[in-house]
Amino acid sequence: GAVVSQHPSRVICKSGTSVKIECRSLDFQATTMFWYRQFPKQSLMLMATSNEGSKATYEQGVEKDKFLINHASLTLSTLTVTSAHPEDSSFYICSGDRYTFGSGTRLTVV
Amino acid sequence: EDKVVQSPLSLVVHEGDTVTLNCSYEVTNFRSLLWYKQEKKAPTFLFMLTSSGIEKKSGRLSSILDKKELFSILNITATQTGDSAVYLCAVPRGAGGTSYGKLTFGQGTILTVHP
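Quick note, the sequences are listed as chains A and B, same order. The letter at position 29 of the first sequence is residue 27 when you use the working numbering, and the numbering goes up by one with no holes. The letter at position 67 of the second sequence is residue 71 when you use the working numbering, and the numbering goes up by one with no holes.
Next up, chain B with everything else stripped away, as it sits in the complex (with noise of 0.2 Å):
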């Protein structure tokens, strides 16, 4: 069975830190990795990750993948209050066909930004 851990399960910081948000992966047929933005209610999609070692970027976001060790890093930089959230990564299950949708996600990490 799939399995996806992300840690902190929260995190309190004031504006203009950086956080660093982990997710670990235990998955078969692995094809990506992808994380989400939930603020109250559904997740907002921010990143997909299927090659090693190639940061995405947008904005003060950005995130790495490790195939080798088997997780992803997400990393906020000068954070606002808009930036809190629950951070969701996920990985598709399967080889394909409908199972692109399927996705199997970890537990959050819950962000708090203070003024």
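Isolated chain A (complex conformation) (with noise of 0.2 Å):
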């Protein structure tokens, strides 16, 4: 079946710094990526769709300077989150359709 590989799987980062979260579609060409946040004991939200070759699109009350979208190949989409802060601590899951989710990303912003 399809299948899709999240990078970095876990990452500690510094307040203010950025960080990039890669997706890669590894047997299927991916036109359109989805990417979701999970807050401790908390559901996945959906944050944004990417779209290749054109512009992402971002759900409400998600901030889209913040929240950086690339999806510039049909096999890579990468989110970077930008001057990050400790509320931007996560975990970050991308998936290619409702069946196939990468195995997420943890983020911690000390």
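Incorrect hints may appear among the rest.
As the list claims (entries may be wrong) - With a straight-line Cα cutoff of 27 Å, these simulated DSS-like cross-link-like pairs (lysine-lysine) come out:
| id | chain 1 | residue 1 | chain 2 | residue 2 |
| --- | --- | --- | --- | --- |
| 1 | B | Lys41 | A | Lys39 |
| 2 | B | Lys7 | B | Lys44 |
| 3 | A | Lys12 | B | Lys45 |
| 4 | B | Lys72 | A | Lys39 |
| 5 | B | Lys45 | A | Lys62 |
| 6 | A | Lys18 | B | Lys7 |
As the list claims (entries may be wrong) - Computed far set for chain B versus chain A, every beta-carbon distance over 10 Å:
| id | residue |
| --- | --- |
| 7 | Phe34 |
| 8 | Ser56 |
| 9 | Lys61 |
| 10 | Gln84 |
These are calculated hints, taken from the structure and not from any lab test. A virtual CB, placed ideally from N, CA and C, is assigned to each residue, including glycine.
Mind assembling these two chains? They're in different frames, but the hints should get you there.
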């Protein structure tokens, strides 16, 4: 079946720095990828939809200038958390469709 | 706005017990409901339900949908410690196109199975 590879699995960064998370579709072409965020003890919340070759669409309340999404090829979507703050600490997960999720990135901002 | 509510939020049982997890929903343009198992990392797909009354089964897990009453249940029989996880249900948004991948998740049920 379809496989999505997500890196890094875990990252710790200092406040004010930026972090990039990569999501690759290994055996299919992904014109669309979906980014979710999960806070501790909470469910997954859709943040944005990345579209290959065009702008991402963001869910209400998600700052597009803070969470930069790039989907420059059919196999790679990236999420960059800019000027990270401790409240951005969360588990970030990408998906290629409703069945296939990346393994997630646990971001801790100190 | 689509809404998915799961109950109970947590459940502690012993090996061999049978559990029933509930998921109710209020969505526009309902097309399907999905169940996932999440163990520390990303969700693993279990079932997709589209029709009322038709049970989906995989080993000790089964699920059924009631479109009239707007809910689904996930049953796990003869539970094992390896079943300990968060179980999530979700519904896709919208009527088609890229909406198929945009999911609204419930809060999840944390299942703990003790030996």
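So which of the earlier hints does this model not fit? 4, 6
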